[in-house]
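The lines below spell out each chain.
Protein chains: 2
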Amino acid sequence: MSYESYFAERREQQLGELKEFLTIPSISALSEHKQDMIKAAEWVAGKLESAGLENVKIHQTAGHPIVYAEHLHAPGKPTILVYGHYDVQPVDPLNLWETPPFEPTERDGKLYARGATDDKGQVFLHIKAIEALLKQEQQLPVNVKFCIEGEEEISSPNLLTFLNEQQEMLATDAVLISDTSLIEKGKPAISIGLRGLCSLEVSIQASNTDLHSGTYGGGVPNALHAMVELLASLHDKQGRITVEGFYEGVPELTAAMHEEFEKQNFNEEQLKKTLGLSTTYGEEGYTFVERTGARPTLELNGVWGGFQGEGTKTVIPKEAHAKITCRLVGQQDPQRILDAIIAHLHANVQPGVTLKVKPGEKARAFDMDPSIPLLQTAADAYEAVYGTRALFTKDGGSIPIVETFSRQLSAPVIMMGFGLPDENLHAPNEHFNLENFDKGLLTIVEFLKRV
Amino acid sequence: MSYESYFAERREQQLGELKEFLTIPSISALSEHKQDMIKAAEWVAGKLESAGLENVKIHQTAGHPIVYAEHLHAPGKPTILVYGHYDVQPVDPLNLWETPPFEPTERDGKLYARGATDDKGQVFLHIKAIEALLKQEQQLPVNVKFCIEGEEEISSPNLLTFLNEQQEMLATDAVLISDTSLIEKGKPAISIGLRGLCSLEVSIQASNTDLHSGTYGGGVPNALHAMVELLASLHDKQGRITVEGFYEGVPELTAAMHEEFEKQNFNEEQLKKTLGLSTTYGEEGYTFVERTGARPTLELNGVWGGFQGEGTKTVIPKEAHAKITCRLVGQQDPQRILDAIIAHLHANVQPGVTLKVKPGEKARAFDMDPSIPLLQTAADAYEAVYGTRALFTKDGGSIPIVETFSRQLSAPVIMMGFGLPDENLHAPNEHFNLENFDKGLLTIVEFLKRV
Numbered sequence: 001m002s003y004e005s006y007f008a009e010r011r012e013q014q015l016g017e018l019k020e021f022l023t024i025p026s027i028s029a030l031s032e033h034k035q036d037m038i039k040a041a042e043w044v045a046g047k048l049e050s051a052g053l054e055n056v057k058i059h060q061t062a063g064h065p066i067v068y069a070e071h072l073h074a075p076g077k078p079t080i081l082v083y084g085h086y087d088v089q090p091v092d093p094l095n096l097w098e099t100p101p102f103e104p105t106e107r108d109g110k111l112y113a114r115g116a117t118d119d120k121g122q123v124f125l126h127i128k129a130i131e132a133l134l135k136q137e138q139q140l141p142v143n144v145k146f147c148i149e150g151e152e153e154i155s156s157p158n159l160l161t162f163l164n165e166q167q168e169m170l171a172t173d174a175v176l177i178s179d180t181s182l183i184e185k186g187k188p189a190i191s192i193g194l195r196g197l198c199s200l201e202v203s204i205q206a207s208n209t210d211l212h213s214g215t216y217g218g219g220v221p222n223a224l225h226a227m228v229e230l231l232a233s234l235h236d237k238q239g240r241i242t243v244e245g246f247y248e249g250v251p252e253l254t255a256a257m258h259e260e261f262e263k264q265n266f267n268e269e270q271l272k273k274t275l276g277l278s279t280t281y282g283e284e285g286y287t288f289v290e291r292t293g294a295r296p297t298l299e300l301n302g303v304w305g306g307f308q309g310e311g312t313k314t315v316i317p318k319e320a321h322a323k324i325t326c327r328l329v330g331q332q333d334p335q336r337i338l339d340a341i342i343a344h345l346h347a348n349v350q351p352g353v354t355l356k357v358k359p360g361e362k363a364r365a366f367d368m369d370p371s372i373p374l375l376q377t378a379a380d381a382y383e384a385v386y387g388t389r390a391l392f393t394k395d396g397g398s399i400p401i402v403e404t405f406s407r408q409l410s411a412p413v414i415m416m417g418f419g420l421p422d423e424n425l426h427a428p429n430e431h432f433n434l435e436n437f438d439k440g441l442l443t444i445v446e447f448l449k450r451v
Numbered sequence: 001m002s003y004e005s006y007f008a009e010r011r012e013q014q015l016g017e018l019k020e021f022l023t024i025p026s027i028s029a030l031s032e033h034k035q036d037m038i039k040a041a042e043w044v045a046g047k048l049e050s051a052g053l054e055n056v057k058i059h060q061t062a063g064h065p066i067v068y069a070e071h072l073h074a075p076g077k078p079t080i081l082v083y084g085h086y087d088v089q090p091v092d093p094l095n096l097w098e099t100p101p102f103e104p105t106e107r108d109g110k111l112y113a114r115g116a117t118d119d120k121g122q123v124f125l126h127i128k129a130i131e132a133l134l135k136q137e138q139q140l141p142v143n144v145k146f147c148i149e150g151e152e153e154i155s156s157p158n159l160l161t162f163l164n165e166q167q168e169m170l171a172t173d174a175v176l177i178s179d180t181s182l183i184e185k186g187k188p189a190i191s192i193g194l195r196g197l198c199s200l201e202v203s204i205q206a207s208n209t210d211l212h213s214g215t216y217g218g219g220v221p222n223a224l225h226a227m228v229e230l231l232a233s234l235h236d237k238q239g240r241i242t243v244e245g246f247y248e249g250v251p252e253l254t255a256a257m258h259e260e261f262e263k264q265n266f267n268e269e270q271l272k273k274t275l276g277l278s279t280t281y282g283e284e285g286y287t288f289v290e291r292t293g294a295r296p297t298l299e300l301n302g303v304w305g306g307f308q309g310e311g312t313k314t315v316i317p318k319e320a321h322a323k324i325t326c327r328l329v330g331q332q333d334p335q336r337i338l339d340a341i342i343a344h345l346h347a348n349v350q351p352g353v354t355l356k357v358k359p360g361e362k363a364r365a366f367d368m369d370p371s372i373p374l375l376q377t378a379a380d381a382y383e384a385v386y387g388t389r390a391l392f393t394k395d396g397g398s399i400p401i402v403e404t405f406s407r408q409l410s411a412p413v414i415m416m417g418f419g420l421p422d423e424n425l426h427a428p429n430e431h432f433n434l435e436n437f438d439k440g441l442l443t444i445v446e447f448l449k450r451v
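Chains as they are written, first to last, in the working numbering: chain A, 1 to 451; chain B, 1 to 451.
Derived by calculation from the structure, the hints in this document are not laboratory data.
Fair warning: there could be bad hints in the mix.
[As the list claims (entries may be wrong)] Simulated pairs of lysine-lysine, DSBU-like, Cα-Cα distance not exceeding 35 Å:
(1) B/Lys187 - B/Lys19
(2) A/Lys358 - B/Lys237
(3) B/Lys358 - A/Lys356
(4) A/Lys272 - A/Lys237
(5) A/Lys263 - A/Lys237
(6) B/Lys187 - B/Lys263
(7) A/Lys356 - B/Lys110
(8) A/Lys19 - A/Lys273
(9) B/Lys19 - B/Lys362
(10) B/Lys358 - A/Lys273
(11) A/Lys272 - A/Lys187
(12) A/Lys110 - A/Lys449
(13) B/Lys356 - A/Lys110
(14) A/Lys356 - B/Lys272
(15) A/Lys272 - B/Lys356
(16) B/Lys356 - A/Lys358
(17) A/Lys362 - A/Lys272
(18) A/Lys358 - B/Lys272
(19) B/Lys358 - A/Lys237
(20) A/Lys273 - B/Lys356
(21) B/Lys273 - A/Lys356
(22) A/Lys272 - B/Lys358
(23) A/Lys39 - A/Lys135
(24) A/Lys358 - B/Lys273
(25) B/Lys362 - A/Lys237
(26) A/Lys356 - B/Lys237
(27) B/Lys57 - B/Lys19
(28) A/Lys110 - A/Lys135
(29) B/Lys356 - A/Lys237
(30) A/Lys110 - A/Lys272
(31) A/Lys19 - A/Lys272
(32) A/Lys57 - A/Lys449
(33) B/Lys237 - A/Lys237
(34) A/Lys185 - A/Lys449
(35) A/Lys362 - A/Lys273
(36) B/Lys19 - B/Lys110
(37) A/Lys187 - A/Lys362
(38) B/Lys39 - B/Lys358
(39) B/Lys237 - A/Lys362
(40) B/Lys356 - A/Lys356
With the sequences and hints as input, model every part of the structure.
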């Protein structure tokens, strides 16, 4: 039976299984979901087992568990290690979800749920592709390992230790990851670059209690004034980040790179329409694709302080808070960037208030040479299924562990993404376009057969 | 019996009654407390009745009711109308209250509860002072009217209509209000100036959904960036408000006025210690007392957008919000100020985002001539009880209706405050110093006897 027929026959049943996976609220950032993390890990282990994988094991870590499995019966053939994650982002603001985040719902050929595209849906494709190969051919064309973790959305704090301890078990010729996106519907992509990341939380305390704006207004520091002034100082009017030393290690875009970005022929008008933007925005002198693929950023992810309720409250808030993340490129060093931002904040904060900065996650950017044969094989597989050869792109997101993986296992990383850029990952109404569910299964099978 | 003995005998009982009043969560800003507003109005009416006032009536309005009462048996003597309010501010952040806001608790000679000083405690003093006079002397030395409303904390939207409709019933020679503060413990004050007020809410929308900061970061507008930049543009580095035309109608401080402020001999070091400030703050060239008494302000009362939870969420928020209030002085026109701020916001907002501004409350500043005899009588009354003559001060707060009251009833307004500036009004752990509870009762009796 052709793989098309094989998957078509099982479509409803397999979608039902994925929905089951998506009902588990495995939010790694929130400690109240600890049990759900275990449940999700067990669900993955169960599916790997029934797909025909061997030595399936849930490895405990200091945080959430890691699921391992293998199928090593292709002597002389390369080994491919599939990495993915079963954890998902938080879901607030909950009221903006059209259907509840953990009640998967199909609408217009899309499956809506938290984790649908990032990354449960894409992990599921790999399990089912292996299952199909084993059912259809009773063997695999390559050796396969799975390593599915539960802490990707919180920067994988325990994966490095696991990689170090299990170096032998995890040894591989290439790492295969599906946690990125097509350029747009019908235009596949293989990411050969990921931005790095660093994060920090900023607090300002101005007084020991909230104060009445009549009695004290104009005479005491206001934590919110100090905060907005400080945060505004991080960018100039041209969208450039003003932190001293921030751009150290950022490669200048060569004419050749400009040209490569041009080739993507990115539809900016479509993007604006989809997101409801009247204009894109960012650093002067760069296109949207360059800004998000090859330039670093400093983004405010959250800011809050004072009264947020109904009506008016004439209060001078005693404290204000902000959450910041940066995306890093090239040789930018996450620790040096954090140090530079912290120095900027201390140098620019209004005198007389107390500033506290808590550094968070850190990950280097990652880049790969597209001439590696396995990357070309992956592009061929896309072409066979999508009718369009995959382009090699730089992805704006960060999978912090990719660079570590590549270094620790001395293996190239093949990022075959099946998401779409407007699938609301990390936002309300996350979804997975089922066209890429169907084509994703076939592309993975095609790739493994060609390796 | 002396009034000292009279009040001393009844102290526990009267404090018990006040605590009963303070258990009613009469938050006028929150619609869920509608029934509590009625309960508080009925409580006030009951106490006025049992104090010996006549024609006690709860007047319905389009919002919360107004309680009226009178005692008009002193022919040939002036009429004094007591104004106050039974509504209170919201209580969040609730977790910062040492004891629950609606469970009145005595600690160190202070009574802690929302409304203890603003304004239930001070309204209560007037009811009990009248009761004492009637019990001790079977008559009042003046004619007295009470007008106690339930919408002061939301800018009294229905009081003006009531004043217009009931002009005859409310006719008076002077309005007596206790809703302000002493300068500090033992240093009484009569406010002869109140700042005006205007308020607005600002929203910025940047896209139609929250976006992933990896995929889109650096290439699309971030609502929080636009908001902090816009809000930071409202002040310059010297603490001056940059809105064009904002200072029109603000009287320049004369040397004589400087001197008057100096006389208050305000203890700035003590203030800093109490509030945990390393420095006061504000417009260059003015002292703390001048900044809060005679200068206008523009304060951020609340700012929010994006992720406020535990951990990191790499989101570009689609929207951001802010609440702003201004305190106004002299001839500043609230409507013109609002117009000027709105024009500033539209002129300075980052291109490509959608700005919405919702204007709120408006009230003019109010000033009175301290040579009016009744004001001097009030100062005498303080001197008799506190041993220190009250100073005539400018108060930073706003009682929006004071100016309207004075204009509508063609009567001076005597503001005899018994609060203290550090009693956390509008903040967690609001309280009322019981020394001023005791002395307040005596001062009001003393004043009414001297009129």
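Hint check:
At roughly 26 Å between alpha-carbon atoms, B/Lys187 and B/Lys19 fall within 35 Å of each other, so this suggested pair holds. In summary, the hint linking A/Lys358 to B/Lys237 is supported, as the alpha carbons are separated by about 26 Å, within the 35 Å threshold. In summary, the hint linking B/Lys358 to A/Lys356 is supported, as the alpha carbons are separated by about 33 Å, within the 35 Å threshold. In summary, the hint linking A/Lys272 to A/Lys237 is supported, as the alpha carbons are separated by about 22 Å, within the 35 Å threshold.
Distance restraint check for A/Lys263 and A/Lys237: the Cα-Cα separation of roughly 30 Å lies within the 35 Å cut-off, and the hinted pair is therefore satisfied. For a cut-off of 35 Å, the pair hint linking B/Lys187 to B/Lys263 stands: about 12 Å separates their Cα positions. Under the criterion of a C-alpha separation no larger than 35 Å, the hint pairing A/Lys356 with B/Lys110 is consistent with the structure, at around 33 Å. Note on A/Lys19 and A/Lys273: the hinted pairing holds, with a Cα-Cα distance of about 30 Å set against a maximum of 35 Å.
The suggested pairing of B/Lys19 with B/Lys362 holds, with an alpha-carbon distance near 33 Å, which does not exceed 35 Å. Using a Cα cut-off of 35 Å, the hinted pair B/Lys358 and A/Lys273 holds, with the two alpha carbons roughly 27 Å apart. Our distance criterion of 35 Å between C-alpha atoms is met by A/Lys272 and A/Lys187, whose separation comes to about 18 Å. For the proposed pair A/Lys110 and A/Lys449, the alpha carbon gap of about 28 Å is at most 35 Å, so the pair holds.
Restraint check: the Cα-Cα separation between B/Lys356 and A/Lys110 comes to about 33 Å, which is no more than 35 Å; the hinted pair holds. Distance restraint check for A/Lys356 and B/Lys272: the Cα-Cα separation of roughly 20 Å lies within the 35 Å cut-off, and the hinted pair is therefore satisfied. A C-alpha spacing of about 20 Å is found between A/Lys272 and B/Lys356, which places the hinted pair at or below 35 Å, so the restraint holds. This hinted pair checks out: B/Lys356 and A/Lys358 have alpha carbons roughly 33 Å apart, not beyond 35 Å.
Of the supplied pair hints, the one linking A/Lys362 and A/Lys272 holds, its CA atoms being roughly 31 Å apart against a limit of 35 Å. Restraint check for A/Lys358 and B/Lys272: the C-alpha separation of about 27 Å stays at or below 35 Å, so the hint holds. Pair hint B/Lys358 plus A/Lys237 holds up; C-alpha atoms about 26 Å apart against a cutoff of 35 Å. As the CA atoms of A/Lys273 and B/Lys356 are separated by approximately 21 Å, the hinted pair is consistent with the 35 Å bound.
For the proposed pair B/Lys273 and A/Lys356, the alpha carbon gap of about 21 Å is at most 35 Å, so the pair holds. This hinted pair checks out: A/Lys272 and B/Lys358 have alpha carbons roughly 27 Å apart, not beyond 35 Å. A threshold of 35 Å between alpha carbons decides the hint, and for A/Lys39 with A/Lys135 the separation of about 27 Å falls inside it, so the pair holds. Annotation: proposed proximity of A/Lys358 to B/Lys273 holds, straight-line Cα distance about 27 Å (limit 35 Å).
Taking the CA atoms of B/Lys362 and A/Lys237, the gap is near 34 Å; set against the 35 Å cutoff, the hint holds. For the proposed pair A/Lys356 and B/Lys237, the alpha carbon gap of about 22 Å is at most 35 Å, so the pair holds. For the hint pairing B/Lys57 with B/Lys19, the CA-to-CA distance comes to about 23 Å; that is within 35 Å, so the pair holds. A distance of roughly 27 Å separates the Cα atoms of A/Lys110 and A/Lys135; the hinted pair therefore holds under the 35 Å criterion.
Proximity of B/Lys356 to A/Lys237 is assessed by CA-CA distance (about 22 Å); at most 35 Å being required, the pair is judged to hold. Between A/Lys110 and A/Lys272 the CA atoms are separated by roughly 21 Å; this keeps the pair inside 35 Å, and the hint holds. Distance restraint check for A/Lys19 and A/Lys272: the Cα-Cα separation of roughly 31 Å lies within the 35 Å cut-off, and the hinted pair is therefore satisfied. Taken as a hint, the A/Lys57 and A/Lys449 pair is honoured in the structure, with Cα atoms around 26 Å apart against an allowance of 35 Å.
Annotation: proposed proximity of B/Lys237 to A/Lys237 holds, straight-line Cα distance about 18 Å (limit 35 Å). Restraint check: the Cα-Cα separation between A/Lys185 and A/Lys449 comes to about 25 Å, which is no more than 35 Å; the hinted pair holds. Between A/Lys362 and A/Lys273, the direct Cα distance comes to roughly 34 Å. Compliance with the 35 Å bound is thereby established for this hinted pair. Distance hint between B/Lys19 and B/Lys110 is fulfilled; the C-alpha atoms sit about 12 Å from each other, no more than 35 Å.
For a cut-off of 35 Å, the pair hint linking A/Lys187 to A/Lys362 stands: about 31 Å separates their Cα positions. Restraint check for B/Lys39 and B/Lys358: satisfied, since their Cα atoms lie roughly 32 Å apart, inside the 35 Å limit. For the proposed pair B/Lys237 and A/Lys362, the alpha carbon gap of about 34 Å is at most 35 Å, so the pair holds. Distance restraint check for B/Lys356 and A/Lys356: the Cα-Cα separation of roughly 32 Å lies within the 35 Å cut-off, and the hinted pair is therefore satisfied.
Checked against the numbered hints given earlier, the structure satisfies every one of them.
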